[in-house]
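Taken in order, these protein sequences are the chains called U and P. This note's numbering puts the first residue of the first sequence at 36, with every later residue one more than the last. This note's numbering puts the first residue of the second sequence at 26, with every later residue one more than the last.
Among the hints, erroneous ones may be present.
Claimed, not checked - Straight-line alpha carbon distances no greater than 20 Å define the calculated DMTMM-like cross-link-like pairs of lysine to aspartate or glutamate that follow: (1) P:K56 to U:D240; (2) P:K69 to P:D111; (3) P:K67 to U:D240; (4) P:K67 to P:E55; (5) U:K222 to U:D204; (6) U:K227 to P:D35; (7) U:K192 to U:E105; (8) U:K157 to P:D111; (9) U:K222 to U:E134; (10) P:K69 to U:D240; (11) P:K69 to U:D211; (12) P:K40 to U:E160; (13) U:K227 to P:D111; (14) P:K40 to U:D211.
Said to hold, decoys possible - Partial list, derived from the structure: chain P residues whose beta carbon lies under 8 Å from chain U: (15) W28; (16) Q29; (17) K30; (18) E32; (19) Y33; (20) A39; (21) Q41; (22) L42; (23) T58; (24) T60; (25) L66; (26) K67; (27) H74; (28) R82; (29) G85; (30) G99.
Claimed, not checked - Here are some chain P residues the structure puts well away from chain U; computed CB gaps all over 12 Å: (31) V44; (32) E45; (33) V47; (34) E48; (35) D65; (36) R76.
No lab work stands behind these hints, which were simulated from the structure alone. Ideal placement from N, C-alpha and C gives every residue a C-beta, glycine not left out.
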Amino acid sequence: MGSVCDQAVLDRNEKSSILKTVGDRLCNGSIMSTMLDFAPPEFGFPDLAASYKSLITPGIEQRADVYQIEQISKRWLSFVRDSNSKTSSAIAKIIGTCELLYNRTIPIFVALLETVIARLQKDEELAFGFLEHIPDMTRSMEEIFKENCEEAIPILKNTLSQLESLVSDHAEMLRDARWQLMLRRVKACPSKGVGPIHGDAAGMDEFLASIP
Amino acid sequence: MRWQKGEYYDKRAAKQLRVEDVERAERWLEKLTETPPPGDLKLKPMEGHNRVLCEARAGGQNRFILRLTRDGVGPLFIVEDVGPHDIYKKHRP
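All chains should be modelled from the sequences, with the hints used to inform the complete structure.
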């Protein structure tokens with residue numbers, strides 16, 4: 036029989052049962068919904084560009100004016116701020132639950148961490164993908180605006196700049212929570228060393244003592 | 026420096042890094058063999074962990090979590106985990 040950590044990693048039945056109770060509720064329910072899940076359908080993430088474009092494309096009966104574009108921008112920024120606040124609260128709940136489980140039962144705690152860490156990383160990748168997309172989005176939207184609503188370009192730039200900063204906050208929040216849980220996992224379940232030992236100990240204590 | 030992989034390291038690296046990043050992390054681990062370690066490894070204790078948990082760069086935007094322990098020979102780093110860390114810096118003004 037292995038350690039409690041082995042059981043947590045290897046016992047599929049136990050893991051499955053845990054995920055059905057605690058893990059599912061935390062990770063697949065409403066708490067850890069991503070920005071994608073939160074996005075209102077009319078401004079579906081990450082199709083902000085398409086939303087603006089639909090308002091100013093020639094041919095539709097009434098073209099958007101600066102005021103409308105400003106309203107969309109405000110709504111989007113408010114949505115992302117709200118999403119950040121929900122994420123922050125969800126993370127606090129998750130970390131609180133993990134701490135509670137840590138004091139009760141290590142196998143459940145470790146199995147839960149495996150799932151939560153993976154989910155946080157997936158959400159981070161979504162947010163990061165959006166950040167990477169912003170420069171292209173800015174360029175293509177500027178092109179559209181030049182032809183149809185040039186006076187709204189400063190609003191567009193300002194919105195996207197604020198959006199970038201807010202999504203960065205969101206991604207960093209997820210990243211910090213993931214690292215906090217990764218460290219907790221190491222403390223709850225330190226690994227045994229496996230395979231060859233590299234290097235030698237000479238001078239190591241002196242070096243370690245020298246690091247502030 | 027003396028170091029050894031932890032029993033969960035390979036599994037975690039495979040799950041949390043892209044294949045090319047896993048290979049690069051292996052190369053960065055080799056740097057840990059030097060004493061003192063090269064400055065670009067940025068090996069340092071993590072705040073609030075009593076100098077038991079340390080971090081080091083794992084190439085690109087990734088970092089290792091190392092746990093400092095001792096055996097009959099002397100100090101030993103167990104390489105516990107690795108994951109992306111610095112990927113949002115370029116989006117900061």
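Structure-based check of all given hints:
1. P:K56 to U:D240: Judged against 20 Å, a Cα distance of about 17 Å means the pair holds.
2. P:K69 to P:D111: 16 Å, holds
3. P:K67 to U:D240: 17 Å, holds
4. P:K67 to P:E55: 14 Å, holds
5. U:K222 to U:D204: Violated, at about 27 Å.
6. U:K227 to P:D35: Distance ~13 Å between K227 of chain U and D35 of chain P Cα, so the pair holds.
7. U:K192 to U:E105: 11 Å, holds
8. U:K157 to P:D111: 16 Å, holds
9. U:K222 to U:E134: 12 Å, holds
10. P:K69 to U:D240: Holds, at about 13 Å.
11. P:K69 to U:D211: This hinted pair holds, its Cα atoms lying about 18 Å apart.
12. P:K40 to U:E160: 14 Å, holds
13. U:K227 to P:D111: 28 Å, violated
14. P:K40 to U:D211: Satisfied, since the Cα-Cα distance of roughly 18 Å is no more than 20 Å.
15. W28: 5 Å, holds
16. Q29: This interface hint holds because 4 Å falls under the 8 Å limit.
17. K30: Because about 5 Å separates K30 of chain P from the closest Cβ in chain U, which is inside the 8 Å limit, the hint holds.
18. E32: 5 Å, holds
19. Y33: 5 Å, holds
20. A39: Violated, because the Cβ-Cβ distance from A39 of chain P to chain U comes to roughly 12 Å (cut-off 8 Å).
21. Q41: OK, holds: Q41 of chain P within 8 Å of chain U, min 6 Å.
22. L42: Not OK, violated: L42 of chain P not within 8 Å of chain U, min 10 Å.
23. T58: Interface hint status for T58 of chain P: holds (4 Å vs cutoff 8 Å).
24. T60: 5 Å, holds
25. L66: Violated - the Cβ of L66 of chain P stays beyond 8 Å from chain U, reaching only about 12 Å at its closest.
26. K67: 11 Å, violated
27. H74: Where the cut-off is 8 Å and the nearest Cβ of chain U is about 7 Å from H74 of chain P, the hint holds.
28. R82: Given a least distance of 14 Å, the restraint on R82 of chain P is violated.
29. G85: 13 Å, violated
30. G99: Because about 3 Å separates G99 of chain P from the closest Cβ in chain U, which is inside the 8 Å limit, the hint holds.
31. V44: 16 Å, holds
32. E45: 16 Å, holds
33. V47: 15 Å, holds
34. E48: Nearest chain U Cβ is 17 Å from E48 of chain P, so the label holds.
35. D65: 15 Å, holds
36. R76: 8 Å, violated
In the structure shown, a violation is registered for the earlier hints numbered 5, 13, 20, 22, 25, 26, 28, 29 and 36, in ascending order.
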